[in-house]
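Engineer: With the hints as extra help, turn the sequences into a complete structure.
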Amino acid sequence: MSKEANSLRLKYLQGYSEQLLNQVRKLIDEQGLGHYIKQRYDNTHTIQSDKALYSYVNKIKQENLRSAPQIDKVLFDNRLDLTHRALGLHTAVSRIQGGKLKAKKEIRIASLFKDAAPEFLEMIVVHELAHLKEQDHNKAFYKLCTYMLPDYHQKEFDLRVYLTAKELGQI
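Residue 24 in the working numbering sits at position 23 of the sequence shown, with consecutive numbering throughout.
Take these hints with a grain of salt, some might be off.
[As the list claims (entries may be wrong)] Derived pair list, reagent style DSSO-like, types lysine-lysine, alpha-carbon separation capped at 27 Å: (1) K74 x K52; (2) K60 x K106; (3) K74 x K60; (4) K144 x K74; (5) K106 x K52; (6) K74 x K101; (7) K105 x K60; (8) K134 x K105; (9) K105 x K74; (10) K74 x K103; (11) K134 x K106; (12) K103 x K134; (13) K140 x K12; (14) K115 x K60.
The hints are simulated quantities; they were obtained by calculation from the structure and are not laboratory data.
Structural biologist: Structure below.
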């Protein structure tokens, strides 16, 4: 396989060490990537409605970010997908109410996470909640993510492996 085709197969894993990428390539070649994910994350969560997702997000927010702004809307979004490289979005929709400008905070999670492992949903929620305090993906942002979810980086890596396996048809 050409180097270009190989890098396309690992588009979700760019930036990781060559040693780690070689391990993933070996699993891909042996058709073992799906097995790796299923071995580590063998169940799915029960959060299927936007109402349940809102409650779940607010619970994590209350446990970790009490002083962060109120979240007005949380939902699974069918329009977010891997082609846009967006697994979740945080937005502030500004509206004028009674002569005042009000910003409504929204979190949208890609619908593909309705059928994912609970650890992946938690990682995406933590990521989007961290954006309430830190807009950029900087050191403070990732420090906040690991405060809320100590093994955040491992879960993020495994989520990227999951997306790669899904795209390659190994899950």
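Engineer: Next, verify each hint and record whether it holds.
Structural biologist: Going down the list of hints, with the structure as the test:
For a cut-off of 27 Å, the pair hint linking K74 to K52 stands: about 9 Å separates their Cα positions. At most 27 Å may separate the alpha-carbon atoms for a hinted pair to count; K60 and K106 meet this at roughly 16 Å. Restraint check: the Cα-Cα separation between K74 and K60 comes to about 14 Å, which is no more than 27 Å; the hinted pair holds. This hinted pair checks out: K144 and K74 have alpha carbons roughly 25 Å apart, not beyond 27 Å.
This hinted pair checks out: K106 and K52 have alpha carbons roughly 16 Å apart, not beyond 27 Å. With a C-alpha separation of about 20 Å, the suggested pairing of K74 with K101 holds against the 27 Å cut-off. Restraint check for K105 and K60: satisfied, since their Cα atoms lie roughly 19 Å apart, inside the 27 Å limit. For the hint pairing K134 with K105, the CA-to-CA distance comes to about 15 Å; that is within 27 Å, so the pair holds.
The hinted pair formed by K105 and K74 meets the criterion: a straight-line CA distance of about 8 Å does not exceed 27 Å. A threshold of 27 Å between alpha carbons decides the hint, and for K74 with K103 the separation of about 14 Å falls inside it, so the pair holds. Our distance criterion of 27 Å between C-alpha atoms is met by K134 and K106, whose separation comes to about 12 Å. Taken as a hint, the K103 and K134 pair is honoured in the structure, with Cα atoms around 18 Å apart against an allowance of 27 Å.
Simply put, K140 and K12 have alpha-carbon atoms about 23 Å apart, close enough for the 27 Å limit, and the pair holds. Only pairs whose Cα atoms come within 27 Å are accepted, and K115 paired with K60 is accepted, the gap being roughly 18 Å.
Going through the hint list in order, the structure satisfies each hint without exception.
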